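Novice: Using the supplied hints, reconstruct the complex from the two chains, each of which is provided in its own coordinate frame.
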Amino acid sequence: MNVYDVIVIGGGVIGTAVLRSLSTYRARVLLLEKSSDVACGSSRANSGIVHAGYDAETGTKKAIFNVRGAEMFPALTEELDVPYKKVGSLVAARKDGLPALGVLRDRGIKNGVKVEILAREEIVALEPNIADDIAYALYAPEAGVVSPYQLTIAQADHAVLNGAEVRLEEKVIAITHSNGLFTVATKKGNYVARYVVNAAGAGGAEVNALVGEEPYQETHAVGDYFILDRKESGVVRTVVFPLPDERGKGILVAPTADGNVILGPTSRKVPHEEAELNAVTADGLQYVREGVARLMKNVNVRNAIRVYAGTRTAVGHDFIIEESVKVPGFYMLLGICSPGLTSAPAIGEYVSKEIAEKLSLSKKDALTALPKSFRFRESSPEEIARQTEEDPAFGRIVCRCEKVTEGEIVRAVHSPVPAKTVDAVKRRVRAGMGRCQGGFCQPRVMEILSRELNIPMTSVRKGDAGSEIAPYEVKDGYEKV
Amino acid sequence: MRKFDVVIIGGGPAGMAAAIGAREQGASVAILERDVRLGGILNQCIHNGFGLHYFGEELTGPEYAERFRKKVLSDEGITVYLEAMVLSLTEDRVLTAVSPTQGLIEISAGSIVLAMGCRERSAGAIGLVGTRPAGIYTAGMAQRLSNVNGFLVGKEVVILGSGDIGLIMARRMTSEGAKVKLVMELMPFSSGLKRNIVQCLNDYDIPLRYSTTVTRVTGKERLTGVYVAPVDEKLQPILEKEEYIPCDTLLLSVGLIPENDLIAGSNIEMSRVTSGAVVDEYRQTTVPGIFSAGNVLHVHDLVDNVSEEAFIAGRSAAQFVAGNLPEKACVSVTVGRGVRYALPQRIHLGEGNVRLYFRVDQVYRSMTVTVRSGNDLLKKKKTMVLAPGEMQYVEIDKCLVSGDLCVALEE
Numbered sequence: 134m135n136v137y138d139v140i141v142i143g144g145g146v147i148g149t150a151v152l153r154s155l156s157t158y159r160a161r162v163l164l165l166e167k168s169s170d171v172a173c174g175s176s177r178a179n180s181g182i183v184h185a186g187y188d189a190e191t192g193t194k195k196a197i198f199n200v201r202g203a204e205m206f207p208a209l210t211e212e213l214d215v216p217y218k219k220v221g222s223l224v225a226a227r228k229d230g231l232p233a234l235g236v237l238r239d240r241g242i243k244n245g246v247k248v249e250i251l252a253r254e255e256i257v258a259l260e261p262n263i264a265d266d267i268a269y270a271l272y273a274p275e276a277g278v279v280s281p282y283q284l285t286i287a288q289a290d291h292a293v294l295n296g297a298e299v300r301l302e303e304k305v306i307a308i309t310h311s312n313g314l315f316t317v318a319t320k321k322g323n324y325v326a327r328y329v330v331n332a333a334g335a336g337g338a339e340v341n342a343l344v345g346e347e348p349y350q351e352t353h354a355v356g357d358y359f360i361l362d363r364k365e366s367g368v369v370r371t372v373v374f375p376l377p378d379e380r381g382k383g384i385l386v387a388p389t390a391d392g393n394v395i396l397g398p399t400s401r402k403v404p405h406e407e408a409e410l411n412a413v414t415a416d417g418l419q420y421v422r423e424g425v426a427r428l429m430k431n432v433n434v435r436n437a438i439r440v441y442a443g444t445r446t447a448v449g450h451d452f453i454i455e456e457s458v459k460v461p462g463f464y465m466l467l468g469i470c471s472p473g474l475t476s477a478p479a480i481g482e483y484v485s486k487e488i489a490e491k492l493s494l495s496k497k498d499a500l501t502a503l504p505k506s507f508r509f510r511e512s513s514p515e516e517i518a519r520q521t522e523e524d525p526a527f528g529r530i531v532c533r534c535e536k537v538t539e540g541e542i543v544r545a546v547h548s549p550v551p552a553k554t555v556d557a558v559k560r561r562v563r564a565g566m567g568r569c570q571g572g573f574c575q576p577r578v579m580e581i582l583s584r585e586l587n588i589p590m591t592s593v594r595k596g597d598a599g600s601e602i603a604p605y606e607v608k609d610g611y612e613k614v
Numbered sequence: 544m545r546k547f548d549v550v551i552i553g554g555g556p557a558g559m560a561a562a563i564g565a566r567e568q569g570a571s572v573a574i575l576e577r578d579v580r581l582g583g584i585l586n587q588c589i590h591n592g593f594g595l596h597y598f599g600e601e602l603t604g605p606e607y608a609e610r611f612r613k614k615v616l617s618d619e620g621i622t623v624y625l626e627a628m629v630l631s632l633t634e635d636r637v638l639t640a641v642s643p644t645q646g647l648i649e650i651s652a653g654s655i656v657l658a659m660g661c662r663e664r665s666a667g668a669i670g671l672v673g674t675r676p677a678g679i680y681t682a683g684m685a686q687r688l689s690n691v692n693g694f695l696v697g698k699e700v701v702i703l704g705s706g707d708i709g710l711i712m713a714r715r716m717t718s719e720g721a722k723v724k725l726v727m728e729l730m731p732f733s734s735g736l737k738r739n740i741v742q743c744l745n746d747y748d749i750p751l752r753y754s755t756t757v758t759r760v761t762g763k764e765r766l767t768g769v770y771v772a773p774v775d776e777k778l779q780p781i782l783e784k785e786e787y788i789p790c791d792t793l794l795l796s797v798g799l800i801p802e803n804d805l806i807a808g809s810n811i812e813m814s815r816v817t818s819g820a821v822v823d824e825y826r827q828t829t830v831p832g833i834f835s836a837g838n839v840l841h842v843h844d845l846v847d848n849v850s851e852e853a854f855i856a857g858r859s860a861a862q863f864v865a866g867n868l869p870e871k872a873c874v875s876v877t878v879g880r881g882v883r884y885a886l887p888q889r890i891h892l893g894e895g896n897v898r899l900y901f902r903v904d905q906v907y908r909s910m911t912v913t914v915r916s917g918n919d920l921l922k923k924k925k926t927m928v929l930a931p932g933e934m935q936y937v938e939i940d941k942c943l944v945s946g947d948l949c950v951a952l953e954e
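Residue numbers (the working numbering), protein chains in the order written: chain A, 134 to 614; chain B, 544 to 954.
The following block holds chain B by itself, in its conformation from the complex (with noise of 0.2 Å):
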């Protein structure tokens, strides 16, 4: 059996950056990637607007990756297997993993970085009504097909849901010839950046029409056509509305899942909101020494605050083996109106500042994030806007923190 102090699983941007973290604390470090190459879904995103926070400019997907490979794999104390899909991982941190290279290996980690990414939801999970034709797809399929295969998927096209993909993909898609008809989101307010909203449909005329859904699609073999309608305050679409727009294309954006499968069933408390791990300040699950981080935790829509999240998972892990972490969480964060999640969910009590990450529920204007600990104020943030598609985060200083806290909006 082959050991390493920290094993990361996922090679994207999280478990790079997880490496990285790792280390620097002198760990040996190694990751598994289930694809050919380090980077994650970076290496599709050839467009830019990647590392403004992190790196202070602005690159591709595939640059801002780059960065992070070249550091690891320069690093003698990485071992990094490609093609490796991690089938197993027990509480005592046995691995069990294949790569056609390698067979069957397994692997015995001091700690462990989860960094395996998010999946898009399909249409079955959305229950699209109609027919089975081709010319449904994923977002991120598209884009995968048309930035690293190098093929357009169709020529008319509508999308349902404004995720940051989709978004991209209406500008992707266009620019390609093709025509992005219309962007529609039941929801009536975007999941995606405002940025994107401006620079992938605004740019490009491409419409947007919020509390909007697809009722059905049409065609046999190839996608035809597509009813649309608005949908009333329960969601639920206004048949009498019903409209119908000829595109071969129905692109979906409707939303990421933390691709946590392979900790299923396992005592890692999981959380039902951000359908990733309940960690503390250090990215550490409930079972101790087992971190989690990047989109695998909760869904991102900055690579710049994966990066910053996994560095902090990968230097916890090499901490947890040199024995340096405090053994226990004790204060909860909760929250309050208007704060869907805030993550981490526990923190110790101690010293130094920790930033507690946030998202909104709805869109809000001019209101106050209040940090509240019992009756305390312990901290308050002025806000212009506020949308749950712009991930927040407000820095507490720990020795303030005496009980359970609570992340809110007050007006």
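Isolated chain A, as found in the complex (with noise of 0.2 Å):
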């Protein structure tokens, strides 16, 4: 019998982190997704904020992972090759907010973040746009910003590259255990395995329920944001949050890693059907505005190229990371809600680890690494004329507004976790991420899609099932491109 070492349960930031880091050991490992690629849950559509550290309560697991994740970072991103920028962050406060900020500065020196409190001048000196009344900022330089589906296909991807399955498309619907094994069944198939790592979110609780574990209460807020044109990146160079509150870390303004500006996001309770619905609404727009309006000048909303939403799945005060007691070879990776981006390369050594020691699986002695990609946009004149040299297709731009060209395309549909759809491909290469939003290219995207797959052109997808983009043919029948 085919019997994995680790089923793998969702292929968010949180599931690839844990795929990844089992695939440095010598072991069977699998991922199953529901959707049609990784990333298309909250791992992509947040803030894709490294958070320094400061905010969680020292001693949680939320504190723990995200300093250690923090760490990580430079050398993770680096060697997967994601955008990433270590530009710290500031919470900005009113005069009357200095006692807040002291308690947010001490709370990071225990946690083991650098911290310190700036007065105006220096503030202004970091970021010249910030709000007129704004007298107090806690700064943390090692704070950062990535982009966060970038990072989940990359670890995805290595993983791939060292020996990981990865299945999508594939919604688990049952679970049974017997003998020490695990059955996994989707549409498709069964899957037998000693260990199951439920990394689902949105759909945690759903799954836990399929083994018969507690169903924890779980809560889902949603968020909007706004993107702004790459023209605006100039008016922040930080990540900017106001004061926290009980609802979270409130309406943030930062650059991102690719150059753009975001802005958000708002936090509403949501019911667990609307989760994965991710519908952004005027409402929760108009309250980024104004939160936008409190913290910074000059930030001109006017230039958004781009408005969505994502949802955040929290169970409880902290994150769950652990073994079930009723249901052994079980983990539970629930309710990582913010800093969960960060703490990602965190909990994925930490899981892999305590499955390794368990099942006494050995390291590998040598990693395939994940190989650079070109990108046409960030490439000096020598490197795009070597590249177009052997591959006219590099020369080929698509993707007018970010400068993608057709070669970057075609390596994305045959990567080790391949774009089959458009916004596949836009995760992976950023085609309709700029200021016409594929106004342009989608369709040559859709050509590329359909001839690489070898799939009609009515068969292209904007994501998962049922999501086409020209589903019927005119009457007259032109000649298809």
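Hints listed in this document are in silico derivations from the structure and should not be mistaken for laboratory results.
Don't take every hint at face value.
Said to hold, decoys possible - Result set (DSS-like, lysine-lysine): computed pairs, CA atoms no more than 30 Å apart in a straight line: (1) B:K614 to B:K698; (2) B:K724 to B:K737; (3) A:K364 to B:K698; (4) A:K608 to B:K722; (5) A:K194 to A:K486; (6) B:K698 to A:K608; (7) B:K722 to A:K304; (8) A:K167 to B:K763; (9) A:K430 to A:K228; (10) A:K608 to B:K777; (11) B:K737 to A:K608; (12) B:K724 to A:K402; (13) A:K505 to A:K486; (14) B:K614 to A:K430.
To be verified - Stretches of chain A that chain B covers, calculated by requiring three or more beta carbons in the stretch to come under 8 Å of a beta carbon on chain B: (15) 233-243; (16) 302-315; (17) 405-412; (18) 513-519; (19) 561-570; (20) 588-595.
In this text, all values refer to a predicted model and were calculated from it rather than measured experimentally.
Every residue, glycine too, gets a C-beta built ideally from N, C-alpha and C.
Specialist: Here you go:
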């Protein structure tokens, strides 16, 4: 019988971090993801912040994994070729906010985080557009920004290069447990493993229920965001937060790792059935606008190129990262809301180490490195000349706004975790993420997907099943491209 | 480094007409076009109505483009680079471009004509509220998919915005068997041509609601419907009157934006109203030797006007290289009551006639267009109806001009 050592359920930043860490051991590992790509849940729509680690209560899992995760980011993102910038963060406060900043500072120091309180002149030197009434700020130079979906994809790609399997569009519908083995069923097949990791994010309680584990009480908060045009990128340099309140870290203004500006999020409690709809609301957008105006000047929200929403799922006040007592061998990684992205690599490291010890897995001698990908917009003229010489497709710009070439798109379609949809291409190479939002390049990306995957244009999807973009042929039958 | 007298960025209707204009002055010309063929957006405009003014006959978009393309391709003095994307240009007119066959190329230009066209405003730019399913397209993208690729995006259609492409697509999708349930326009008037409202909506009994917008969209993988509501005078939706319309497709025709990203951060003065460069009657920008024409300069409603404007730009770009253009513009063209913008924004004193193109800011009936210089009335023209969707012009004799001009509407 084909037995995996570990099956990871859920291809978000947590699941892929665990998968990647497990792939450094001599182990058979499989990841099951219900969507058509990894990074389709909270991992694609969050703030993309690498938090320094002053926010979480000392001693909590949030604090421990945050601090360790933040330490790992510079080397990890370098290794995986993922956009990351250590820009530092500010928690900006008015005059009366000094005591609250002091609490955060003390907690930061206890958590082992580099923090200091700045006065107005120092803040203005860092952030010239800070609001006029901001008097103090907590500065954490180690904070950064990362592309959360590119990190997730790179973790998955790296794991696959090192022998892990990723199966997309396989929603887990049943799990049985007997004789120390789990049988995990999807509509496409049954998979047997010695350990199962529940990293299903917003679907975590459902997966828990499949093994008879406690249905933890989840809460889902949807956050609305704006992404601004690259031309606004000069307006903010660090991650600027307001003072946190009971609802969370508040509306932030930050550069993104890819050169845009991000504004948001709100924190709207929604019922479970709405958690994965990620619907933007008008009130939410207005709340973000107002929050931004309290924090910064000269932020031109009119130059937004995209609005979207993402869901954060929490279970109580801390992460749940533990093996089930009821069902040994079943790991639950639940309620990984903020600072989950920052914590992900550390959670992956920790969980894989525990499982490896229990299964007596040994480390591989060497790993296959993830090759650096050619990105036209970041390349020198010499590099472009060389690449174009080798393959003319690297000189054929498809996405004019983000300067993405056909060669990059073809490579994404054939990457270890292949991009099979327009959105999957977009997340890997940014085609369609610029100011025209795919207005010009989307039909061309569809043509490339159709050609490379050998599927009809009518079957090319935006994302999951049912999201075909141009599902019908015109009556008079043109010669098809 | 390659050298040409006139380098034209963009091979759509503006770029091709500019090339022909420059060639008539004997200049050596290069066109850099990012698509695989010349013609630009005309290639996907398979409906007719093009060329009534320029050729005196009704052509389809591809036919209109073909007339120019033939002329361009048969002229050995015009070098055409296809699939060539310009990455940068300097004020001393050195361009860097990339193409799959040529790799990176550097070109030194005697003068440059910007003819990059425009792009459509996206769902993100208008802050569309709701979910993010498939089924939401800019009208031009849906047009390309149907007319170039041969695929239809949906069957039950709602259109937001009354721009010309949206109106044309209402008819196109209806003719393909789709049901267009509603076209709505945020403003109390259309931004499209009257003839398109008549021929594309009225003739097919497609309702058009003014002062109405989409308040949110629904559907997880595919669009399942849109909520629409009338708006108040401040253009805010009146949510009590919200109504749900099931549909699988939302087309956006909510505005066109000149695609001037290439010159962002340059010293070329830009107009906040047109989002294009500020130009003189030669279509020269404020950086000498750089010209602009077509939809990258200001959004046109008729391609005939694009061709005419680009012809001027191309001819002038060649004259610049030959040292035959006057150096400094000295009179400003401003606008008064009822006029959103006028173009060119500057003119030289001298001889000859110049056409001042302008758009009004709302619908006006029985108004007189005036051009004044201080207290002098240089021109007046009575009009029946003026609409923002239809560009107008008045022609003035430059000999009469002594100071700054103002184009305005008067009772």
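Novice: Next step is simple, just say for each hint if it's right about the structure.
Specialist: Checked hints:
no., hint, result
1, B:K614 to B:K698, "violated, 40 Å"
2, B:K724 to B:K737, "holds, 20 Å"
3, A:K364 to B:K698, "violated, 37 Å"
4, A:K608 to B:K722, "holds, 15 Å"
5, A:K194 to A:K486, "holds, 16 Å"
6, B:K698 to A:K608, "holds, 13 Å"
7, B:K722 to A:K304, "violated, 35 Å"
8, A:K167 to B:K763, "holds, 15 Å"
9, A:K430 to A:K228, "holds, 18 Å"
10, A:K608 to B:K777, "violated, 43 Å"
11, B:K737 to A:K608, "holds, 28 Å"
12, B:K724 to A:K402, "violated, 34 Å"
13, A:K505 to A:K486, "holds, 27 Å"
14, B:K614 to A:K430, "violated, 53 Å"
15, 233-243, "violated (count 0)"
16, 302-315, "violated (count 0)"
17, 405-412, "holds (count 4)"
18, 513-519, "holds (count 3)"
19, 561-570, "holds (count 3)"
20, 588-595, "holds (count 4)"
Violated hints, listed in ascending order, are 1, 3, 7, 10, 12, 14, 15, 16; each of the other numbered hints is respected by the structure.
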